[in-house]
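2 protein chains.
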Amino acid sequence: MATLPSKSEIMDACPHRLVGHGVIPIQKQLLELVDHVDPHLAADRYGQGEVIRRFEDKIAACLGKEAALFFPSGTMAQQIALRIWSDRSGRKAVGMNPTCHIFRDEQDGYAHLHHLEAKLVGEWDRQIRPSDLGADTKGLGSLVIELPQRNNGGTLPTWEELVEIKAWCKANDVVFHLDGARLWEAMPYYAKTEAELTALFDSVYVSFYKGLGGIGGAMLAGPAWLIDEARIWQRRHGGNLIHLYPYVVAADRGFEKYRPRMATYVARAQEISRFVGKLAHVRVTPEVPPANMMHLSFTKPQAEVEQAALETSNETGLWLFGGLWVRPFAPAPVTEISVGEAAMAAGMPLIERALRRLDERLA
Amino acid sequence: MATLPSKSEIMDACPHRLVGHGVIPIQKQLLELVDHVDPHLAADRYGQGEVIRRFEDKIAACLGKEAALFFPSGTMAQQIALRIWSDRSGRKAVGMNPTCHIFRDEQDGYAHLHHLEAKLVGEWDRQIRPSDLGADTKGLGSLVIELPQRNNGGTLPTWEELVEIKAWCKANDVVFHLDGARLWEAMPYYAKTEAELTALFDSVYVSFYKGLGGIGGAMLAGPAWLIDEARIWQRRHGGNLIHLYPYVVAADRGFEKYRPRMATYVARAQEISRFVGKLAHVRVTPEVPPANMMHLSFTKPQAEVEQAALETSNETGLWLFGGLWVRPFAPAPVTEISVGEAAMAAGMPLIERALRRLDERLA
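Same order as they appear, the protein sequences are chains A and B.
For what it's worth, the working numbering labels the leading residue of the first sequence as 36, then goes sequentially.
For what it's worth, the working numbering labels the leading residue of the second sequence as 36, then goes sequentially.
No lab work stands behind these hints: they were computed from the structure.
Among the hints, a few may not be true.
Chain copies aren't distinguished; within one or between two, either way the pair holds.
[Unchecked claim] Calculated pairs, EDC-like style, for lysine to aspartate or glutamate (alpha carbon to alpha carbon, straight line, at most 20 angstroms):
| # | residue 1 | residue 2 |
| --- | --- | --- |
| 1 | K127 | E387 |
| 2 | K227 | D208 |
| 3 | K63 | D73 |
| 4 | K63 | E85 |
| 5 | K313 | E395 |
| 6 | K335 | E101 |
| 7 | K173 | D143 |
| 8 | K127 | D208 |
| 9 | K292 | D394 |
| 10 | K335 | E376 |
| 11 | K292 | D171 |
| 12 | K173 | D263 |
| 13 | K42 | E85 |
| 14 | K173 | E339 |
| 15 | K127 | E152 |
| 16 | K93 | E195 |
| 17 | K201 | D167 |
| 18 | K335 | D394 |
| 19 | K173 | D208 |
| 20 | K127 | E91 |
| 21 | K292 | E152 |
So here's chain A without its partners, still in its complex pose (with noise of 0.2 angstroms):
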């Protein structure tokens, strides 16, 4: 066998990718925004300012609520707004799936700075369902819901099952939270527009540098009294910057340019899903992508499809993915595709030629 180049060389060397919108330098990045903003607005300052209170209140009214603020991070924005909820009910647990980026992914801010409790609802490899909730649930301050649940490949509860669990809450007193880090990418399976899906939720986060390809920040929405104190609390937590413009932009840059792409993407993930069906040696979950997401998964090792991976991308010019994970619940190593721009660009022959390649080589 030939001495592949280096993972980097190959990454670098090939013109198409299957995940995102592409890789952009810096600079070329910088240069969209100077493309996009108005020549003569002036930076926020603190918060305040054209640039950002218009941003503001577009996504508020985009996700029909009375109040937004923009935020540097997603991590900021949903434990402030736990915090809050949990200070007026007076109640510190908070339930979530047990892949909540809440629970997974932020060092337990929640618990070390605010004090929160998590309690783990559902299980790993599925959505929150209704039969979840009952006397176990019923002391809970608030309830997170992650569409799509990242972790899991992009599932989606039904609206039914959605409408249902808010019929909970609301019963007992739940605060209904929605992390919405990729609620763009779940409009097209909903067939509703963000305010009638955002109805249910008592709070709302959207993030922009997913789907929409911004550089960060992040929006929590909801009634004006709380995104009144979550303004003391962005404070509190060093995250009233005197500057966010670059993130702003950027962010209302991507909410105009990809997210009427979002059923596109979606279906664009459908095509490859139905292709990887008919593959030996890689699974599809979900098998019908919701959303523009799915998880690939291997029966053979890590190491091992990685090797396979880095040869068919270094062959064929489409970049697969650049790691592999194991789930806590399941051996086999597992690899995450969202579907943007870079997905459309290379077209479904060359990704099809690319994945028959790879499952070739897993023969």
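Please arrange chain B on chain A, whose structure you already have, making use of the hints.
This is chain B only, laid out in the frame that chain A set:
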């Protein structure tokens, strides 16, 4: 009296400004970053990547510390540093001047998020002195000094005083933390390298958007173990952002462009203060500014001074200042002048003419 244009009309029409580096629209600021950044440099990712690590190493070296971590804000950086020091010592009390940002400007985040206690040391209108330290401050976990102390016009303790305070801290096992929000601006006074000065301190925070003209961001520097723990707390705070490169690139640009100009700004500040010393109705503190900033205070009521300043700016084309405030310990309205490229471009003849006309209007 003819009707004046509105405040914002006058400000927009003034070709010159007294304070800062001038007001630059978003698009122009982004274009300056495009010019500064290496065209092939890739975005940082959750604190990793060449663009951010290289800048962290550069600042750590400049400050003579083992390691440094880029933060979205100084609020976050300082609270986290003090929390880690407090967890280590078991002491919750932090000594700080009554003007300290942590005490006044962060919605008591230090208490709400970190259960730290503020122990006020010294007086509002001066720096902490060695004689402020004694039996009353022996239980402190850490002591914060701000160089220069913004809220009294930018005073600095002498090197000998700092050495004496450091010796007291060492003898009493008190951590000595530097709030260096404007450290670059203080350096000409000490005629030492940053590393020589910061050797007195156990941890150091510096900022990049004041004298260095960046978009935002801060650095915490200290021993490697402290920075390692700070990374964990930064994640908890929601400050470990996917991308920080707009701040990092702007900070690096400001470090290269404005840091070498600080002695020039301090000299201009002293020229301005000497001239104000000759006026009848304007007072300057400190009398001889050790840094690039000063307070101007006025014997007349706030509304009258604001009106006179507007008329003067409208007449001379030099925007003097936007607002006045009243300090808790003195009735005279005051404004802050920080010297940067704006005052250099305006030139002393225009500055003198405008200040003289302001003084005449206040007669």
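Status of each hint after checking the structure:
When the C-alpha separation of K127 and E387 is checked against a cutoff of 20 angstroms, the pair qualifies neither within a copy, at 49 angstroms, nor between copies, at 61 angstroms. Proximity of K227 and D208 under a CA criterion of 20 angstroms is satisfied in neither setting, with 26 angstroms inside one chain copy and 62 angstroms between copies. In this assembly of identical chains, the alpha carbons of K63 and D73 lie at most 20 angstroms apart whether taken from the same copy (18 angstroms) or from different copies (11 angstroms). For a Cα distance limit of 20 angstroms, the shortest separation of K63 from E85 across copies, 17 angstroms, qualifies, whereas the shortest one inside one copy, 25 angstroms, does not.
When the C-alpha separation of K313 and E395 is checked against a cutoff of 20 angstroms, the pair qualifies only within one copy, where the shortest distance is 12 angstroms, while the shortest distance between copies is 87 angstroms. For the homomeric pair K335 and E101, neither the shortest alpha-carbon distance inside one copy (51 angstroms) nor that between copies (43 angstroms) is at most 20 angstroms. Proximity of K173 to D143 under the C-alpha cut-off of 20 angstroms is found in neither arrangement, the shortest distances being 23 angstroms within a copy and 33 angstroms between copies. Proximity of K127 to D208 under the C-alpha cut-off of 20 angstroms is restricted to the intra-copy arrangement: shortest distance 13 angstroms within a copy versus 37 angstroms between copies.
Within a single copy, K292 and D394 get their C-alpha atoms no closer than 34 angstroms, and across copies no closer than 54 angstroms, so neither meets the 20 angstroms cut-off. Proximity of K335 and E376 under a CA criterion of 20 angstroms is satisfied in neither setting, with 29 angstroms inside one chain copy and 62 angstroms between copies. With identical chains, the CA atoms of K292 and D171 are never at most 20 angstroms apart, being 44 angstroms at best within one copy and 60 angstroms at best between copies. In the homo-oligomer, the alpha carbons of K173 and D263 never lie at most 20 angstroms apart, since the shortest distance is 28 angstroms inside one protomer and 39 angstroms across protomers.
Taking the shortest Cα distances, K42 and E85 sit within 20 angstroms of each other only across copies (17 angstroms), while inside one copy they are farther apart (44 angstroms). Proximity of K173 and E339 under a CA criterion of 20 angstroms is satisfied in neither setting, with 47 angstroms inside one chain copy and 61 angstroms between copies. In the homo-oligomer, the alpha carbons of K127 and E152 lie at most 20 angstroms apart inside one protomer (6 angstroms), although the nearest pairing across protomers, at 24 angstroms, exceeds that limit. Neither within a single protomer nor between protomers do K93 and E195 lie at most 20 angstroms apart by alpha-carbon distance, with minima of 28 angstroms and 55 angstroms respectively.
Taking the shortest Cα distances, K201 and D167 sit within 20 angstroms of each other inside one copy (13 angstroms), while across copies they are farther apart (58 angstroms). Taking CA atoms no more than 20 angstroms apart as the test, K335 paired with D394 passes inside one copy only; the shortest distance there is 11 angstroms, against 82 angstroms between copies. Proximity of K173 to D208 under the C-alpha cut-off of 20 angstroms is restricted to the intra-copy arrangement: shortest distance 9 angstroms within a copy versus 49 angstroms between copies. Taking the closest pair of Cα atoms, K127 and E91 never come within 20 angstroms of each other, the shortest separation being 29 angstroms inside a single copy and 38 angstroms across copies.
Within a single copy, K292 and E152 get their C-alpha atoms no closer than 39 angstroms, and across copies no closer than 48 angstroms, so neither meets the 20 angstroms cut-off.
The structure fails to meet hints 1, 2, 6, 7, 9, 10, 11, 12, 14, 16, 20 and 21 from the earlier list, while all remaining hints are met.
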